[in-house]
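Asks: Chains as they are written, first to last, in the numbering used here: chain A, 44 to 375; chain B, 44 to 375.
What the hints contain is simulated information worked out from the structure, not anything from laboratory work. No experiment lies behind these values; they were computed from the predicted model shown. You can take every hint at face value.
Put simply, identical chains are the same to the list, so a pair is met inside one copy or across any two.
Lysine to aspartate or glutamate pairs mimicking EDC-like chemistry, simulated, CA-CA at most 20 Å apart:
1) K321 - D364
2) K86 - D352
3) K78 - E162
4) K71 - E216
5) K78 - D364
There are 2 protein chains.
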Amino acid sequence: MPSSRSAEAITFDNIQAARQRLAGFAVKTPLLENKTLNELAGKRVLVKAECLQRTGSFKFRGGWSALSALPEAVRERGILAYSSGNHAQAIALSAQLHGTTATIIMPNDAPQLKLRNTEAYGAKVVLYDRPAGEQREELGNQLAQSQGLTLIKPYDNPDVMAGQGTTGLEIAEQAAALGIDHAEVLVCCGGGGLTSGIALALEQSAPNMRVRPVEPELSDDVKRSLISGQRECNEGVPTSICDAIVTPSPGELTFPIIKRLCGQGLSVSDNQALHAMKLAMLELKLIAEPGGAVALAAAMFRQQEIESDAVICVISGGNADPAMLAKALSAD
Amino acid sequence: MPSSRSAEAITFDNIQAARQRLAGFAVKTPLLENKTLNELAGKRVLVKAECLQRTGSFKFRGGWSALSALPEAVRERGILAYSSGNHAQAIALSAQLHGTTATIIMPNDAPQLKLRNTEAYGAKVVLYDRPAGEQREELGNQLAQSQGLTLIKPYDNPDVMAGQGTTGLEIAEQAAALGIDHAEVLVCCGGGGLTSGIALALEQSAPNMRVRPVEPELSDDVKRSLISGQRECNEGVPTSICDAIVTPSPGELTFPIIKRLCGQGLSVSDNQALHAMKLAMLELKLIAEPGGAVALAAAMFRQQEIESDAVICVISGGNADPAMLAKALSAD
Numbered sequence: 044m045p046s047s048r049s050a051e052a053i054t055f056d057n058i059q060a061a062r063q064r065l066a067g068f069a070v071k072t073p074l075l076e077n078k079t080l081n082e083l084a085g086k087r088v089l090v091k092a093e094c095l096q097r098t099g100s101f102k103f104r105g106g107w108s109a110l111s112a113l114p115e116a117v118r119e120r121g122i123l124a125y126s127s128g129n130h131a132q133a134i135a136l137s138a139q140l141h142g143t144t145a146t147i148i149m150p151n152d153a154p155q156l157k158l159r160n161t162e163a164y165g166a167k168v169v170l171y172d173r174p175a176g177e178q179r180e181e182l183g184n185q186l187a188q189s190q191g192l193t194l195i196k197p198y199d200n201p202d203v204m205a206g207q208g209t210t211g212l213e214i215a216e217q218a219a220a221l222g223i224d225h226a227e228v229l230v231c232c233g234g235g236g237l238t239s240g241i242a243l244a245l246e247q248s249a250p251n252m253r254v255r256p257v258e259p260e261l262s263d264d265v266k267r268s269l270i271s272g273q274r275e276c277n278e279g280v281p282t283s284i285c286d287a288i289v290t291p292s293p294g295e296l297t298f299p300i301i302k303r304l305c306g307q308g309l310s311v312s313d314n315q316a317l318h319a320m321k322l323a324m325l326e327l328k329l330i331a332e333p334g335g336a337v338a339l340a341a342a343m344f345r346q347q348e349i350e351s352d353a354v355i356c357v358i359s360g361g362n363a364d365p366a367m368l369a370k371a372l373s374a375d
Numbered sequence: 044m045p046s047s048r049s050a051e052a053i054t055f056d057n058i059q060a061a062r063q064r065l066a067g068f069a070v071k072t073p074l075l076e077n078k079t080l081n082e083l084a085g086k087r088v089l090v091k092a093e094c095l096q097r098t099g100s101f102k103f104r105g106g107w108s109a110l111s112a113l114p115e116a117v118r119e120r121g122i123l124a125y126s127s128g129n130h131a132q133a134i135a136l137s138a139q140l141h142g143t144t145a146t147i148i149m150p151n152d153a154p155q156l157k158l159r160n161t162e163a164y165g166a167k168v169v170l171y172d173r174p175a176g177e178q179r180e181e182l183g184n185q186l187a188q189s190q191g192l193t194l195i196k197p198y199d200n201p202d203v204m205a206g207q208g209t210t211g212l213e214i215a216e217q218a219a220a221l222g223i224d225h226a227e228v229l230v231c232c233g234g235g236g237l238t239s240g241i242a243l244a245l246e247q248s249a250p251n252m253r254v255r256p257v258e259p260e261l262s263d264d265v266k267r268s269l270i271s272g273q274r275e276c277n278e279g280v281p282t283s284i285c286d287a288i289v290t291p292s293p294g295e296l297t298f299p300i301i302k303r304l305c306g307q308g309l310s311v312s313d314n315q316a317l318h319a320m321k322l323a324m325l326e327l328k329l330i331a332e333p334g335g336a337v338a339l340a341a342a343m344f345r346q347q348e349i350e351s352d353a354v355i356c357v358i359s360g361g362n363a364d365p366a367m368l369a370k371a372l373s374a375d
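Make a model of the complete structure from these sequences and hints.
Replies: Following this line, the structure appears as structure tokens:
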């Protein structure tokens with residue numbers, strides 16, 4: 044049975060409405076181009092620098108979108124989220140700016156920078172044992188019920204997806220201003236909130252662009268799901284330095300949109316992600332975290348799998364510890 | 044005798060004209076704000092990210108402005124410049140995009156990244172012995188005369204100054220959009236092209252802002268010149284990691300404007316510049332080179348010398364070698 048657009052979690056109008064709510068709060072991040080990257084890739088490479096977004100990742104768009112859409116009385120009772128760190132910071136800051144409280148369930152192996160920043164934004168952090176396979180979803184549901192908190196899931200939430208989709212509206216406008224309307228748009232993909240949001244935004248605002256999800260090789264559930272046509276899971280707990288996008292499977296709400304609109308998935312090695320981080324630092328003057336660098340890595344190191352003359356890569360976040368940045372700088 | 048505005052090298056109109064020539068070629072760089080930096084400084088800190096400019100520094104504005112203002116017949120004969128690296132890359136790329144040739148005189152101790160990139164932009168690089176005190180100005184004049192090239196000085200050139208001033212027009216507009224019209228504007232200062240250009244742009248577009256030049260402690264010629272009222276020189280060859288802004292003295296054309304419009308100079312240690320580089324990486328997700336980080340360093344570490352409730356810092360460039368970035372990451 045072909046997937047039906049009317050059954051999807053959000054529409055283009057939801058993304059436009061989210062953009063209204065984000066105006067004056069989210070950064071309109073630049074779309075950058077660099078001569079060296081163009082030469083390395085043999086085509087125009089445009090980079091959407093979402094690492095410059097508030098809290099250091101695109102997640103602020105979705106977090107703000109979701110909190111600003113809640114009725115005030117609900118929001119006041121407090122917000123709950125689970126996240127490896129970027130959604131955590133986004134919810135923490137959005138809650139703080141809205142004058143409410145945030146409780147965040149985070150894995151005990153999250154980068155120190157993300158844990159520290161989440162607390163610095165005033166959130167209460169509850170740790171769970173990810174390496175041991177503890178499930179954050181269960182813990183989240185328990186806390187939400189017992190404390191009357193509203194759970195904002197990191198990707199399977201329509202308002203979050205609509206917020207992430209605002210990135211796509213900006214890409215369409217900024218690329219058009221640079222004379223580009225045909226392109227493959229490479230998006231770092233975990234649960235698929237950003238990927239599905241951008242795909243839906245571009246369907247209407249730049250119909251000649253095609254989104255391609257990019258994942259770490261050892262956590263390529265979206266790529267495999269696009270091949271099989273149904274949501275596939277990663278086996279066990281995938282090991283990758285790309286903590287931000289290591290997720291068990293594509294989202295229930297995000298996958299139907301990804302399936303209908305996206306091209307084939309791409310995957311890169313951790314080492315390629317590190318090399319892309321180094322290129323981002325030396326050429327673009329941007330800090331990318333490993334999971335935020337996989338789209339750029341695919342543009343640079345998976346060229347044979349990309350057909351279009353122009354490629355747009357989202358650097359989705361830049362929250363890396365100094366040790367990880369030093370590791371990337373010494374990549375060769 | 045009070046300095047006379049009519050005797051100055053450029054006017055506000057020249058900056059507006061430069062902006063017209065730069066439209067579609069230079070990046071309108073973002074003005075970023077970060078919660079952690081605000082808390083560390085105890086005030087709003089806005090960062091103008093000129094490290095995201097083409098060629099990795101603000102110098103592209105001045106280079107493009109100067110080349111685009113030349114008569115075509117003159118431009119075609121070839122361009123000559125001397126530079127520690129950022130003006131070099133700016134002139135090299137501007138020449139390449141205009142379809143003409145560039146010859147660049149660079150010090151033999153310039154960062155490898157800057158030398159390599161200048162050649163990658165198609166320029167012919169001629170090295171001189173800076174540590175031994177060889178004078179680039181003499182060499183430049185000789186080459187210009189013998190080969191019929193047009194010398195574009197790095198700061199003492201009206202069209203270069205006007206180009207750098209376009210940074211100030213953007214700052215005024217972007218700060219106003221964030222609700223800020225009173226601020227001290229800290230500018231990394233070498234010969235004073237950027238400082239004088241921004242000061243002149245703000246005089247008309249944001250008259251409640253005051254520019255403060257920032258230098259390395261061991262190369263504080265502008266600070267001392269502002270005290271004495273006349274152009275002072277650095278003694279010998281100053282030693283600083285801030286290669287981009289180590290210059291012998293304020294420019295002949297830039298200093299009258301700096302003297303009339305700028306507040307007291309600030310200076311920071313190399314170690315403070317390294318710490319500011321680390322903050323830029325971890326908090327702003329931006330790469331700053333040492334000389335490009337001194338304004339942010341002053342905002343963070345010289346707070347007792349800053350009066351205003353809001354401060355705007357220009358990160359003027361990001362062309363640092365991996366070893367320098369690693370050094371900054373390990374600063375404590």
